[in-house]
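K.L.:
Can you build the whole structure from these sequences, using the hints too?
Residue numbers (the numbering used here), protein chains in the order written: chain A, 147 to 688; chain B, 3 to 379.
The hints are simulated quantities; they were obtained by calculation from the structure and are not laboratory data.
Among these hints, one or two may not hold up.
No farther apart than 35 Å at their CA atoms in a straight line, the calculated lysine-lysine pairs in the DSBU-like style are these [what the hints assert, rightly or not]:
(1) A:Lys-685 to B:Lys-372
(2) B:Lys-374 to A:Lys-555
(3) B:Lys-259 to B:Lys-372
(4) B:Lys-374 to B:Lys-190
(5) A:Lys-685 to B:Lys-374
(6) B:Lys-374 to B:Lys-259
(7) B:Lys-259 to A:Lys-685
(8) B:Lys-372 to A:Lys-555
(9) A:Lys-685 to A:Lys-555
(10) A:Lys-387 to B:Lys-190
(11) B:Lys-259 to B:Lys-190
(12) B:Lys-259 to A:Lys-164
(13) B:Lys-190 to A:Lys-685
(14) B:Lys-190 to B:Lys-372
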Amino acid sequence: MASATENSVVRDRTTGTKTVAAVAVGLSAVLFALGLAALFGVVSITDPIAGLPSVSINGLLLTALGVAVVSFGVGSRLEFVETEPLPSAGLIAGLAFSGIWFAVAGLVGSQMLGLGTAGSLALALVTGAGVFAVTVVPREDVGSTLPAGALSLLAGVAFLTGLVGPGWAWEPAGLRATFSAGLTIPAVTLFTSLLTGWSSAKAYGGFGARGRHLGAYVLVYLNALSIVAVLFVLVAFTVLKGLPGLINGVTFGSGVGPSNTINLFGLSYTIVWPVNWPFVMNGVALLNDVNGVLPAIVGTFWLVVGAVLFAVPLGVGAAVFLTEYAERGRFTQIVEIATNGLWSTPSIVFGLFGFAFLVPRFGGQKSLLSGMITLGFMLLPLVVITSREAMLAVPDEYRDASAALGVTKWETVRSVVIPAALPGVVTGIILGVGRIAGETAPILLTMAGGTFVPGSQTADVVGGFTFTTSPPFVANPELMQATAALPYQLYALISAGVGLSGNVGSAGQFKWATALVLLVVVLSFYAVGIVTRYYFRRKLHQ
Amino acid sequence: MASVTEPDSTESRHAIQRRLDRARDFVEDTEPEALAVVVVGSVSLLAAFLGFLLSSSLTILPFSVFLATSGYGWVRHQELTARALTLTMTASTILILGLITVFIFVEAWPTVTYESTTVFGVSVPGLRLFLETKWDAASPPIRYSMVPMIHGTVMVTLIATAVAGPLGVAAALFLSEIAPVPVRELVKPGVEILAGIPSIVYGFIGFTILSPWASDQFDLVGQGTYLFVGIVVGLMALPTVVSVAEDALNSVPESMKSGSLALGTTDWQTMTSITLPAAFSGVSAAVLLGVGRAIGETMAATVMLRNNPRIPEPLYNVFYGYETLTSLIAANYGEATGLQMNALFVAGVILFVTVLFISIGSQMIEARMKRKLGGSE
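P.N.:
See below:
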């Protein structure tokens, strides 16, 4: 207790110096944001910010940051600032900094000072070794600030003096690529701000264990944040680009939509949709106001239904055998390895297999049926793995209690184990379906389909069954021919390249809207799967 | 030698004897009718499978016999039928892996023999696939070298691993050790959804936005770089790494972490000196699985690369991306016939075998870790 009070008193005294470190962390964040903005073209490096071109602003901030970081480190070493540094910054930091400085010195030597290969290599080696020594040998406060601050200073001075200015470009020999200032300056700014951000967060924590903790947390939090940000940007971007094409011509009102007639066992029933949504209710036709992807949506639906009908009974059955009947031993081990191996097999290999195995056996042409079964093969291992996990998670007490009632093993499985495992199994299936619904590679070789599919080619699987007198007695031409599917159609649209606009009003809009529909279909499976899992998990913990 | 093998063989003889005894007991204990149902069912299913293999149109006959017997058995002898059916389903899972192996190897064989080379007077099939670097399916001499594609796959995988490995492990640490509960509830589904975005959508965004941007920024000739394909593929492999690594970190016993924290260490010290070393094998299995995902990723690579099998100059030039094993198959299946189609199967075999080894390797690592941590608990 006493030491805690003392510590807080000591901390109060050092608030002023800690503010310096906090400001450095803030500056790094500002620079990171500036670098990102420039990288994504929001701000050009020549655009003025507060009357100065943004490259000079970057330079100024980097220089200030470098000075702040270095002076904090040196101040701490000279005991002006109260910190608790360890004897050394550690080997990992040393290797990282020497690697960075090795590259920087090598590039500066060969490109700016005009030294030859041997000369720049020597310079790089000497610098790298020097930085390694500076990082590892002195106390941690110097070792973890000096190399980062110096790099920031170097970059800042280079930007400020125009040594690396807006007109700068570097063309490495033989690469046929140019590093322009417009890319290099933001990239260097980003990288340097990460280093100084880490270094100043460490300083803020007073080095030592606490400082390392803070420095690492800054990077880890930033990483998590950027992953979420990337996801958000990807989805938001697709939505923004796809929405105009998707909602083009949507009208509401009773009777405006197309009508569907359902024939079942001689009874027929006609539905008139109360909404007309051309993009998802039309195919592609010359006379359409708005062309759409209805055949592909229906095709994807049937693919998923077929794959689920094939894989779920097989997979759940196998899982029941493995968890309830089989003794744990070599056999279950082999099956486990086989299912995990199947699960990580590349999807294109499934496509090749379907092409070699299924296509010749289903009439020798690409067909909906081979697509369904190929996707079923892909779904199977996931169903086995998740169902097994769910069944293993059912407590043995349940089984014992049921067995104590004198029922048979199968009765126990049917009325105790499967119901208890059902949430897990269903969640696994939904997530698996989301995955296969978006797969392109397997259906590329087994089903394919068209680039622009007329509405008349919408698969009508239910109505397609007919009975014949020769074996195999049942025929369904709809299953035996290729149909469109969303992922393949998007691929076909991409590879068709330019010259699409003749067929659909705006090719770009059509593509983005197709991508959006695919994304919505797949992500809604995921959303449902994740929500189901949370729901059941919460129920389980209650 | 003999003294070593003898106990082994008597032991295995005993095991076989035990199995036989058990089988005989089973046959004696079961009603004859139920036994007949199982026998008829399995024989008809086998016949149906053979018929399907031979692409016979009569396959439907034994298959309907199988359906009928299973239906009858389900009503009359549910216990035994359920057991037999679930065993059949398990066997078919293994069978599928076997079928995949056999079929892609058989289809690949013609090209393997075509690309034979004589070494010291012995003809080695398939060696030329890896010795030469020329892929030319159009003008003689026709060559189907896999070297350019292997090079492409290695480049993409290296870059993807550099992206997915560190970021994925850091994100897994965040999710399992650092994040407060509400944040985790938000980030974890986010990572899962990242895995859910179809690869063709990644490819589409890469093709329409990233590739032109890269060509413009780096002043490249044409479009398609290994660098950006690698980054996109790394993003796609990230969720695999995160979820498997998180499982590994979670499996480190809480007592180990508490013990460390009780010594007064910071959370970060506990992570770097206790949690990460204990979960090291699991985390490396996660990265390995991510590598497997990256190797097999097809659509993003196909639409973003140049689809022209050659090796960039210099070898490490990441700004010019030509072809990977996966994109070779996806881009050429349309016009390929004969030997060229078989060559695509060769690419498939390389992919299949590599990823299978990676999968088995990571499973062994994970099993070892489970044993180790299980023992210390």
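K.L.:
Which numbered hints does this structure break?
P.N.:
none
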